[in-house]
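Undergrad: Just so you know, the sequences run in chain order A and B. Start counting the first sequence at 56; every next residue gets the next number (the working numbering). Start counting the second sequence at 56; every next residue gets the next number (the working numbering).
Do not take every clue at face value.
[Claimed, not checked] To give an idea of the chain A side of the interface with chain B (calculated C-beta under 10 angstroms), a few residues:
| hint | residue |
| --- | --- |
| 1 | 88 |
| 2 | 89 |
| 3 | 144 |
| 4 | 154 |
| 5 | 158 |
| 6 | 159 |
| 7 | 162 |
| 8 | 163 |
| 9 | 169 |
| 10 | 171 |
| 11 | 199 |
| 12 | 206 |
| 13 | 208 |
| 14 | 210 |
These aren't lab readings, by the way, just hints derived from the structure by calculation. Backbone N, C-alpha and C define an ideal beta-carbon position, used for all residues, glycine too.
Protein chains: 2
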Amino acid sequence: MSTLPVAPPVALDRARELVDPLLLTAVARLCPELQPPVQHHLGGGGKHVRAALALLSAEACGADVEVGLPGAVAIELVHNFSLLHDDVIDGDRERRHRPTVWAQFGVGAAIIAGDALAILALEVLLEEPSPHAALAALELARATQAMTAGQADDMAFEVRPIVSLEECLRMEERKTGALLSCAPALGAILAGAPPATVDALRDYGRHLGIAFQAVDDLLGIWGDPSVTGKPAGSDLRQHKKTLPVVAALAAADGMAGEFTALLRGRLSEREVATAARFVEGYGGRDTTMEVAERHLADALGALDRVPLVPSATEELADIANFVVGRDR
Amino acid sequence: MSTLPVAPPVALDRARELVDPLLLTAVARLCPELQPPVQHHLGGGGKHVRAALALLSAEACGADVEVGLPGAVAIELVHNFSLLHDDVIDGDRERRHRPTVWAQFGVGAAIIAGDALAILALEVLLEEPSPHAALAALELARATQAMTAGQADDMAFEVRPIVSLEECLRMEERKTGALLSCAPALGAILAGAPPATVDALRDYGRHLGIAFQAVDDLLGIWGDPSVTGKPAGSDLRQHKKTLPVVAALAAADGMAGEFTALLRGRLSEREVATAARFVEGYGGRDTTMEVAERHLADALGALDRVPLVPSATEELADIANFVVGRDR
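Build the full structure now, drawing on both the sequences and the hints.
TA: Below you can see the structure in the form of structure tokens.
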């Protein structure tokens with residue numbers, strides 16, 4: 056993992072420029088009561104990684120960037136739906152340095168606004184006059200379902216004393232990998248690419264998703280609060296069974312009595328720091344970095360499996376390197 | 056409105072027998088963590104009105120009952136999704152005489168279980184090897200979106216001092232009418248019926264939905280708690296701007312000072328009874344019964360607009376009469 060600050064790939068800016076106007080047009084269709092919470096949430100920005108993957112993937116399959124646009128809009132809508140509901144479930148009051156929707160408008164508004172965005176995503180795809188629209192919608196629905204399963208696992212793991220490394224990886228593959236694998240798959244499907252190409256691009260996104268989540272887990276414990284927008288050690292405070300925690304518990308193998316005690320109840324600043332040192336001491340940080348690097352390599356490898364347009368494929372590789380090395 | 060107890064149409068039992076096994080097969084695909092909340096919720100039963108409308112509508116269009124089945128399963132999944140989220144939003148701890156999912160398993164579980172059911176509904180339709188699957192999925196997505204808008208209105212109305220009768224009717228048309236109009240439309244679409252037939256059956260369901268909600272509003276104030284499963288006057292306690300309340304406020308026209316005071320804060324038993332008498336005294340009960348009867352007549356009229364198979368059409372009429380006259 057690079058520790059140098061890396062400039063975001065231009066593909067992310069382009070995705071924002073192309074997708075944001077369409078995203079705003081799409082949400083303008085929602086009822087007036089939902090506009091304040093939805094606008095507040097979208098006003099927080101976002102990196103548009105998923106949108107960029109959909110657009111670049113369509114181009115990597117030889118299509119014009121416009122072909123991937125409905126997929127890019129739909130995947131961003133689903134991503135934002137998941138953030139709205141996640142914040143309610145996790146009780147997070149801040150995101151991107153601003154109050155979350157439930158904290159500002161109430162739990163009911165956050166639930167309904169999330170529901171509306173999830174359904175709107177499928178409407179956007181199903182309204183597309185493309186022969187591939189229905190297949191794209193099914194791909195998105197299945198990915199959304201997988202993400203939901205990952206969220207359910209994540210929530211269940213918080214109260215379970217023991218979670219295996221395999222269970223944790225599978226949860227993260229679903230929670231984060233589902234949408235990141237769906238995004239490039241949507242671009243390829245809308246471009247009418249053959250199944251082997253759709254599969255390769257889906258695999259690229261799946262591995263990228265696992266690597267992305269591993270980095271997110273590192274930031275959830277050791278990230279700079281001024282950059283992440285979350286309090287230091289927030290995942291430890293919430294007793295999240297993230298990859299570093301699960302890896303450390305597995306390595307400690309029975310010697311973790313004091314630490315598992317820290318995985319319950321309300322933690323002081325000092326206890327959060329102690330827990331972070333434990334996780335690092337038992338190799339949780341190193342193991343997680345290895346997971347991120349291995350899946351980054353697998354993501355890049357998937358791009359070599361099928362013939363793709365070189366320029367767009369290079370940009371897909373740039374995004375993978377940026378996302379995994381990101382210094383936020 | 057009939058005050059005689061009416062036997063439920065056999066079409067509801069048939070819908071339960073045909074749809075429940077498929078519903079259980081569909082939800083079995085959801086992840087293990089979601090099984091307890093979902094099974095608990097589905098275990099509460101339900102009248103299967105929407106499922107019956109989808110099945111009968113396919114038959115009214117000349118198709119076998121099997122053709123309507125994916126639509127029946129999908130519409131029940133969306134209906135149950137809406138109940139799970141509604142109970143969280145309204146803070147209702149009981150449904151069908153049992154604890155609601157959030158009360159039993161927590162808010163997070165209820166939100167995610169609802170999300171999973173909504174997406175599963177679209178998966179069920181999009182996986183169907185029918186040439187009409189994509190159109191059916193779009194119909195369902197739009198209805199779900201309209202229902203969401205109705206819920207957002209409903210929530211906003213609780214804290215608004217004045218709601219017009221038109222606004223209230225439009226809200227109820229969306230909140231309840233959206234799924235009740237979608238159900239027969241799905242049956243017709245899956246049967247490959249021409250657009251005019253789909254429109255007539257959608258209209259039947261739309262009017263039925265408004266009539267259904269009007270009756271529900273009457274029961275929410277004057278319903279027998281042992282039958283409705285909700286406390287007496289529960290809609291008044293929750294300050295719901297339902298049709299009887301809005302109609303009474305409009306009729307009182309400035310003479311409602313004492314009553315509007317009752318629409319705020321926590322109400323005692325006695326205050327609930329006073330409020331109910333006010334609503335009745337200013338014609339809120341009569342106006343709502345008239346709305347129910349008028350829209351029941353419109354629903355039945357829509358069935359005469361296009362040629363349909365008589366036996367199934369008669370059963371659609373039976374369901375409408377039962378639902379609006381229901382004594383629950």
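Undergrad: Starting from the hint list further up, note which numbers the structure goes against and sort them upward.
TA: Structure breaks hints 4, 5, 6.
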